[in-house]
Amino acid sequence: MNVRLLAAPRASLGVRAGYQQILRLRPPAALLSLALPVLVLAVWQVVASRALLPVQILPPPALVLNTLVELTTSGEIFTNLQISLWRIALGIAIGCSLGLGLGTIMGLSRTADDYVSPLFRALAQVPSLGWVPILILIFGLDETVKYLIIAKACFVPTTITMAEGIRNIPRSYKEVAVVLGLSRRAAIRKLIVPAALPTIFGGLRLAFSHAWIALIVVEMLAAQEGVGYMMVWGRTLFQTDIVIAGMIVIGVIGLAMDAGLRRLERRLRRWAVPS
Amino acid sequence: MTDLTIEVAERAPRRATARIWRGAVLPVVLLAAWAIVPHLLSVRHPLIVPLDEVLASPFIDESGREIWASLAQTLLRFFGGFALGAVAGLALGVLVGASGLADRLVSPSFNAVRQIALFAWIPLLTAWFGNGEGSKLAFIALSAFFPVALNTHDGLRTIGRGYVEVAAVLKLPLRRRILKLLLPGALPSIFIGLQIGLITAWLGTVGGEYMIGVGRGLGIFIAEARGQFRMDLVLLGVILLALIGFVVNAGFRRLFEPLLRWQGVKP
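In order, the protein sequence lines correspond to chains V and E. Position 259 of the first sequence, counting from 1, maps to 259 under this note's numbering, and the rest follow consecutively. Position 37 of the second sequence, counting from 1, maps to 37 under this note's numbering, and the rest follow consecutively.
The following block holds chain V by itself, in its conformation from the complex (with noise of 0.2 angstroms):
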């Protein structure tokens, strides 16, 4: 008898059958999807052409494109990014492992559960923009700064959804694990955490949105380099065209960050409750 066939039904089953529709665009809805940016551009080109608007406000389209192209052929974008990309997988590791450690403790024991709980919550209700003036006058300028608030940010959700993760697993699932006479390795293997993996995978993705925005708003406020600081950086020398290309360079990272995770989800989905 397979023992993750007794695994919970997948309640939203419905629901993603429908998003999966929406998602497999058929040819006349990608050309639908397009035709708003074509739109944009056009009115965009053609304000900047007539010289309607200030190049310090409304750069053309062209110009963009070619900072964006001057920028990684330069090597600048690279050298940013890899700063930026390093200070995250910093931040990340810390933030998420501590929370894995903190919610492991908190969901598996109650006690614990008390003591630490309501301390924490009143923590986390200080936004990581809240700790960065804080950590500046304690650190001034420096990198360590960085790392914590990029930490902080994933600390919360990790530590949350690990203890939910691990106080949802139905009970039934360690009943089955007894009459079954399971080793404990192999319900932890086999029970433990295929059904608390979604949960805990799904605060992953959430940890590692939050630690991408904060790395933005860290570098922003309190930073000499890296892809938040190019943009602030280019924002004082009126050079909106750096600005922009900035943000097209912030919104394809976010994009492709949270597609490869969603895809990784779906996998590990998959591999936690075959149906």
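Treat the hints as calculated values from the structure; they're not laboratory data. From a predicted model like this one, the values you see are computed outputs, not experimental measurements. Hints should not be assumed to be uniformly reliable.
Claimed, not checked - Each pair of labels, with its calculated beta carbon distance range:
hint, chain 1, residue 1, chain 2, residue 2, range
1, E, Trp34, V, Arg266, 43 to 49 angstroms
2, V, Thr111, E, Gly213, 44 to 50 angstroms
3, V, Arg263, E, Leu259, 33 to 39 angstroms
As the list claims (entries may be wrong) - Which stretches of chain E does chain V cover? Using the computed rule of at least three CB atoms under 8 angstroms from a CB of chain V, they are:
hint, stretch
4, 23-31
5, 98-106
6, 109-116
7, 120-133
8, 205-219
9, 225-236
10, 242-250
Glycine included, each C-beta is placed from N, C-alpha and C at the ideal position.
Using the hints, position chain E against chain V.
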């Protein structure tokens, strides 16, 4: 009734009080340490300010008193910006939720633009609207706009297909279809969108003020305190930032949860 049920019934409240006591331990210890330890240090460090001085600063300190006017300005800005963004978000959400054509036309672009981290908008907005009220309001509105539009759309999309078909069979006119089917069905999701929108708009308010500067506001108060190395005022501002965020969220829930209960849906 057996002894067992009585015992369980008695144990439940005891467990609840135990939870409260246990939960209070860490915060009380930390707050007490914060209030006492700095006074025991022989040398005052500018970054280590005792709790009582932080709490007294808005009443005694000259720069601390500024917080009241800043707070009033911030709240005004917050509600104004949120109203703008929420109305725009509701409008777009209803449009793309009710019309398949609008959905296919707008949603891909909307989702692409949504990927840009919110704060990355600030340099562009200040280039467009200057450093004054305009770019702050635009930024607050933008931060409320995305979650409201997204959840409104989601709420409308996930209404049961059966209901939609019934409405089509009955040939309900558009106005009644919106009032009787789409809005009630989507209400829980719309409320979630408004709730998220309130939180992000609050962060957007203080973050925008902090980043843009110029004028009065809680974010500007914190930024100035940081510039003057006044840890007490920074902490005061940040505590208020967190506290108001909490109150706004809890207040919204208290106001609107009864509405959802009438709907028979739990948010």
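Margin query: Going through the numbered hints above, which ones does this structure break? Give me the numbers in ascending order.
Written below: none
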